[in-house]
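Peer 1: Chain B: place on chain A using the hints.
Top line first, the protein sequences correspond to chains A and B. Okay, so the first sequence: first residue is 0 according to numbering that gives the first Met the number 0, each after it adds one. Okay, so the second sequence: first residue is 0 according to numbering that gives the first Met the number 0, each after it adds one.
These aren't lab readings, by the way, just hints derived from the structure by calculation. All figures in this text were calculated on a predicted structure; none of them were measured in a lab. Check each hint, because a few of them may be wrong.
To be verified - Footprint (simulated), chain A over chain B, 3 or more residues, beta carbon under 8 Å:
1) 189 to 195
2) 277 to 287
3) 366 to 374
4) 494 to 500
Ideal Cβ placement from N, Cα and C applies to all residues, glycine included.
2 protein chains.
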Amino acid sequence: MLSKREVFDGVPEEYLSHKERYENAIRNSVVAFSLVRKMQEEGKTSINNYRDVVGGLLGSSVLRDGSPLGLHYIMFMPAILNQANEEQQEKWLPRAWNCSIIGSYAQTELGHGTFIRGLETTATYDAATKQFVLHSPTLTAYKWWPGGLGQTANYCIVVAQLYTKGQCHGIHSFIIQVRDEETHMPLPGIKIGEIGAKLGLNAVNNGFLGFDNYRIPRTNMLMKHAQVLEDGTYVKSRHSKLNYGAMVFVRVVIVFDMVNYLSKAVTIATRFSAVRRQCQLKAGETECQILDYVTQQHKLFVSIAAAHAFRITANKLWLTFNEVNEQLVEGNLQRLPELHALACCLKAVTTADTAACVERCRLACGGHGYMMSSSLPLTYGLVTAACTYEGENTVLLLQTARFLVKTYQQLDSKALTPTVAYLKTAAAERFCVGWSNTTEGIIRGFQVVAMRVIIMSTFNEEVQEMSRTVSPQLKEVLHQLVDLYCTYWALEKLSDLLLYTPISQKEVESLRLRYEETLTNLRPNAVGLVDAFDLRDEMLQSTLGSYDGRVYERLMEEAMKSPLNAEPMLQSTLGSYDGRVYERLMEEAMKSPL
Amino acid sequence: MLSKREVFDGVPEEYLSHKERYENAIRNSVVAFSLVRKMQEEGKTSINNYRDVVGGLLGSSVLRDGSPLGLHYIMFMPAILNQANEEQQEKWLPRAWNCSIIGSYAQTELGHGTFIRGLETTATYDAATKQFVLHSPTLTAYKWWPGGLGQTANYCIVVAQLYTKGQCHGIHSFIIQVRDEETHMPLPGIKIGEIGAKLGLNAVNNGFLGFDNYRIPRTNMLMKHAQVLEDGTYVKSRHSKLNYGAMVFVRVVIVFDMVNYLSKAVTIATRFSAVRRQCQLKAGETECQILDYVTQQHKLFVSIAAAHAFRITANKLWLTFNEVNEQLVEGNLQRLPELHALACCLKAVTTADTAACVERCRLACGGHGYMMSSSLPLTYGLVTAACTYEGENTVLLLQTARFLVKTYQQLDSKALTPTVAYLKTAAAERFCVGWSNTTEGIIRGFQVVAMRVIIMSTFNEEVQEMSRTVSPQLKEVLHQLVDLYCTYWALEKLSDLLLYTPISQKEVESLRLRYEETLTNLRPNAVGLVDAFDLRDEMLQSTLGSYDGRVYERLMEEAMKSPLNAEPMLQSTLGSYDGRVYERLMEEAMKSPL
Numbered sequence: 000m001l002s003k004r005e006v007f008d009g010v011p012e013e014y015l016s017h018k019e020r021y022e023n024a025i026r027n028s029v030v031a032f033s034l035v036r037k038m039q040e041e042g043k044t045s046i047n048n049y050r051d052v053v054g055g056l057l058g059s060s061v062l063r064d065g066s067p068l069g070l071h072y073i074m075f076m077p078a079i080l081n082q083a084n085e086e087q088q089e090k091w092l093p094r095a096w097n098c099s100i101i102g103s104y105a106q107t108e109l110g111h112g113t114f115i116r117g118l119e120t121t122a123t124y125d126a127a128t129k130q131f132v133l134h135s136p137t138l139t140a141y142k143w144w145p146g147g148l149g150q151t152a153n154y155c156i157v158v159a160q161l162y163t164k165g166q167c168h169g170i171h172s173f174i175i176q177v178r179d180e181e182t183h184m185p186l187p188g189i190k191i192g193e194i195g196a197k198l199g200l201n202a203v204n205n206g207f208l209g210f211d212n213y214r215i216p217r218t219n220m221l222m223k224h225a226q227v228l229e230d231g232t233y234v235k236s237r238h239s240k241l242n243y244g245a246m247v248f249v250r251v252v253i254v255f256d257m258v259n260y261l262s263k264a265v266t267i268a269t270r271f272s273a274v275r276r277q278c279q280l281k282a283g284e285t286e287c288q289i290l291d292y293v294t295q296q297h298k299l300f301v302s303i304a305a306a307h308a309f310r311i312t313a314n315k316l317w318l319t320f321n322e323v324n325e326q327l328v329e330g331n332l333q334r335l336p337e338l339h340a341l342a343c344c345l346k347a348v349t350t351a352d353t354a355a356c357v358e359r360c361r362l363a364c365g366g367h368g369y370m371m372s373s374s375l376p377l378t379y380g381l382v383t384a385a386c387t388y389e390g391e392n393t394v395l396l397l398q399t400a401r402f403l404v405k406t407y408q409q410l411d412s413k414a415l416t417p418t419v420a421y422l423k424t425a426a427a428e429r430f431c432v433g434w435s436n437t438t439e440g441i442i443r444g445f446q447v448v449a450m451r452v453i454i455m456s457t458f459n460e461e462v463q464e465m466s467r468t469v470s471p472q473l474k475e476v477l478h479q480l481v482d483l484y485c486t487y488w489a490l491e492k493l494s495d496l497l498l499y500t501p502i503s504q505k506e507v508e509s510l511r512l513r514y515e516e517t518l519t520n521l522r523p524n525a526v527g528l529v530d531a532f533d534l535r536d537e538m539l540q541s542t543l544g545s546y547d548g549r550v551y552e553r554l555m556e557e558a559m560k561s562p563l564n565a566e567p568m569l570q571s572t573l574g575s576y577d578g579r580v581y582e583r584l585m586e587e588a589m590k591s592p593l
Numbered sequence: 000m001l002s003k004r005e006v007f008d009g010v011p012e013e014y015l016s017h018k019e020r021y022e023n024a025i026r027n028s029v030v031a032f033s034l035v036r037k038m039q040e041e042g043k044t045s046i047n048n049y050r051d052v053v054g055g056l057l058g059s060s061v062l063r064d065g066s067p068l069g070l071h072y073i074m075f076m077p078a079i080l081n082q083a084n085e086e087q088q089e090k091w092l093p094r095a096w097n098c099s100i101i102g103s104y105a106q107t108e109l110g111h112g113t114f115i116r117g118l119e120t121t122a123t124y125d126a127a128t129k130q131f132v133l134h135s136p137t138l139t140a141y142k143w144w145p146g147g148l149g150q151t152a153n154y155c156i157v158v159a160q161l162y163t164k165g166q167c168h169g170i171h172s173f174i175i176q177v178r179d180e181e182t183h184m185p186l187p188g189i190k191i192g193e194i195g196a197k198l199g200l201n202a203v204n205n206g207f208l209g210f211d212n213y214r215i216p217r218t219n220m221l222m223k224h225a226q227v228l229e230d231g232t233y234v235k236s237r238h239s240k241l242n243y244g245a246m247v248f249v250r251v252v253i254v255f256d257m258v259n260y261l262s263k264a265v266t267i268a269t270r271f272s273a274v275r276r277q278c279q280l281k282a283g284e285t286e287c288q289i290l291d292y293v294t295q296q297h298k299l300f301v302s303i304a305a306a307h308a309f310r311i312t313a314n315k316l317w318l319t320f321n322e323v324n325e326q327l328v329e330g331n332l333q334r335l336p337e338l339h340a341l342a343c344c345l346k347a348v349t350t351a352d353t354a355a356c357v358e359r360c361r362l363a364c365g366g367h368g369y370m371m372s373s374s375l376p377l378t379y380g381l382v383t384a385a386c387t388y389e390g391e392n393t394v395l396l397l398q399t400a401r402f403l404v405k406t407y408q409q410l411d412s413k414a415l416t417p418t419v420a421y422l423k424t425a426a427a428e429r430f431c432v433g434w435s436n437t438t439e440g441i442i443r444g445f446q447v448v449a450m451r452v453i454i455m456s457t458f459n460e461e462v463q464e465m466s467r468t469v470s471p472q473l474k475e476v477l478h479q480l481v482d483l484y485c486t487y488w489a490l491e492k493l494s495d496l497l498l499y500t501p502i503s504q505k506e507v508e509s510l511r512l513r514y515e516e517t518l519t520n521l522r523p524n525a526v527g528l529v530d531a532f533d534l535r536d537e538m539l540q541s542t543l544g545s546y547d548g549r550v551y552e553r554l555m556e557e558a559m560k561s562p563l564n565a566e567p568m569l570q571s572t573l574g575s576y577d578g579r580v581y582e583r584l585m586e587e588a589m590k591s592p593l
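This is chain A alone, in the form it adopts within the complex (with noise of 0.2 Å):
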């Protein structure tokens, strides 16, 4: 399955048509997916299962630009599961796990994505016939985005506002079907098609939908919460919040997501650092790699550290969901807003930083790094994707800062939950204690700026942990890369340092001086460092990446794909070549009216 790249007639995605690439999706999804069915026919039904298809090593690297069936298990089924009552479980579930059906998801809208109570199609209740009236009003009602909507679904659970008897009641989910299940055409009354070209995430077949005064029966609309009843009475959920949970859930994927992709481009990118070589230090002597200068440690090192940091903290906030899942089912919403601001916060940070690093990475390559065969620019695709989409990261970090100042506002009458009791000590301790340039100083520093805490402290009390068991080799590894995520982070961010905790200009050069030396006594390990992200030839599909380092033989052997290359002279190009080709081009366009 692993070496499907290549299946359409043997020549890489990239340089196929977009209509080829979009057949390709299909056919290596289906593959991709009768893993899926696989599992469920053996009874691994849990939805951890889907997310290493779909959106884990394996998956990124079968259905390397997404998947325009992607959204069916992510979201469609998942959604139907939260939102859909028994009955409506009973009717539509079977027929989608057996892919009798093909969903999507759509909420966004051409014109609203963020604000979504300004979200403009219309859900109306008809109570003569029973049935929902969808319509977009406008061309900015248009749904847009939805992966696998363009030509793929035949379904879609649909975001409306809800009208009934005159009055609107907000947004409410509807299943509905958008193709014919034997033709597959449009259904009348739908307008549908795909978005276009996008920078990446090429193979999702994300697509746009207008309704024009389209009907569905009343039992299409989700009704585990909220209900319509046959006379058009509006009956209210009685837990607005419950939704929460599944948009944490979608986020500690991204934040796996993340984790995977910045362990993919690390591992490329130093294991090319280590065979790539420049300058002769003396003459007549062989070029240095170039993992031996300091500027290069620089740019990749830290991405070693952080693919931990994150995947450490993702565990545990995936642990704390768990936790305050089972406090919701009880009608405890207490620890909502802390979880709810923590998702935000570390989607936000996490797929921003994993976006800095995987081009850094990738500058790092150099010109090599510009080739897609080395799979770093697609990396860099999917990854800046996701700083947009399931909360833009600029709205999400003005909802965590309300919320740690609302917290903080609050100090003195309210107990503070176990992720934010920092914001104690850091108001107390502000300016009184003195600036320590140990792990612990560092991040007792952050408390106080409030920034990357959690990752740190969280990084640094599971290798504290670890080192209990670990050999004493690798407990000094794994303390190099706590110390080299928190000295990083703590130049990085130096502004804030000094201007609100006591680190003075000395403490500030011999932090520099330790920085590079953690980045010196990682280097002898940084090779073993990304070959322990244990990530097969297979699934980095790199020139530059692979294990045994043949990065000039591979560049040549993928360059030798291209179809330019599959004659010596390209006959479609030039025509009937008669060795005046560039004459005869030029002739025709000075005939040209310009």
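Peer 2: Structure of chain B alone, referenced to chain A:
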């Protein structure tokens, strides 16, 4: 000419296959270069005319993803002009001029970029036949990257290690025929092709080139400077540093390119932000323009200021270059190190800043910035490439730093040239003069930390100069732009100012206030300021950035051009449709030996 984007059957290029894009690029290039020929016929033979057509606003609109004929004009012909002797120029220039031959320029090898002394390709003189034998001893010796070399060029300037009489004389340039002029087939001994798909610049037809003991006449070595006589005697060049000029020229051109790309990106993002609305401040009100948010202003406005700052500084560098060039011709090399450092530094800073700014503009457009039809992903692809080519940025910054340190160490013994005169002031003033939150105060602070000070002070001086003649209203806006640029970077580089200047915490707070006030003051003129870049819709080619603000209409119109939307149901994808397509695909997939 500006409406040629869709010459290929009305389908935008992002939907084409790699091969179709190349074919398209050849056609578009010939149209574009017919303009060059017209200009030549009208007697406009300056290199600036090529610059406008190939790399300028005009060129980058028609040749959106580069051109396979670009290097013919930008490198091949200039190399003949600068490095060939008169006899050689007479032989080659007329044929290159009228495109009887198409050339490329090959220096970088698969294994060697920055460290050009490490190039492996050899040119060994054989006095018996009066020929040079070109050879690629290893795979890493293959030339890699030259634009147009893949399938387009039939000649190439090749940089190789010159051997004669058993001795190596370092790298020299040779003009080499690589394809038959009649049949366009590669000549025996030549291994040639394209290097494959890249993050961007996919219309450039970058190629590789290897030699298998390939013989050329002695007279094909470019002999304006160094020479090899018939008997193999090597005659050294008198001015080994004369080639610096070409390098500086190319880097100045890059800075101007950056100004174009940055103006484009910020025009698109600013106009979009005036159209896009998000969140109601009060229920029932129209949603706000996102351009009214200070977070959005923070993302965008500095790019408007930077575009002006870069253009002004590049103009000054260009003037300095011409001055120094005249001195060079007279044999005065004194200002060469300074000019070289200046060009290195400006190239590195402007490409890195522009890449960051363009990507920020893209992300500021949310999901829609991810659409290829926004033109922002393509623009980023072009800009980020410039961080690596023509001098990798990290290496350039190290060279700049070395020059500055060297100058600083000789402060007392040496008269300082104009652009580094500030170092003397800086050395004297460090910590001695108080901080002042004025433009001049900030620039003085940056003199101490030796960062961006040339851009800041050039920008400020030029605006002061212009202020004498413009209206009071324009004067005010110009000063706001300088202010914005300086306060923005003061806050970005705050840790250096806190460490090395006497700026206080209170002054930092008022600096922040001043920055936000400047954003607010610029807001009413923001759209006017980007309109003033005067970029026609045909140059922007962006669904988000057009003058009339019809963002959503254009997004939908562009989406409809996707070949996937050509038919309501894709027969080709789903095969002969019987309503069980996914089931059948699944069944097939289940048969696969996984």
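Peer 1: Can you confirm whether chain A covers the segment 189 to 195 of chain B, using C-beta to C-beta distances below 8 Å and requiring at least three such residues?
Peer 2: Holds, because 4 residues of the segment 189 to 195 of chain B bring their Cβ atoms closer than 8 Å to Cβ atoms of chain A.
Peer 1: Are there three or more residues in the segment 366 to 374 of chain B whose C-beta lies within less than 8 Å of some C-beta in chain A?
Peer 2: holds (count 6)
Peer 1: So is the segment 277 to 287 of chain B in contact with chain A by the C-beta rule, three or more residues under 8 Å, or is the coverage claim wrong?
Peer 2: Since 4 is at least three, the answer is holds.
Peer 1: Quick check: do three or more residues in the segment 494 to 500 of chain B have a beta carbon closer than 8 Å to a beta carbon of chain A?
Peer 2: holds (count 3)
Violated hints are absent here; each numbered hint is respected by the structure.
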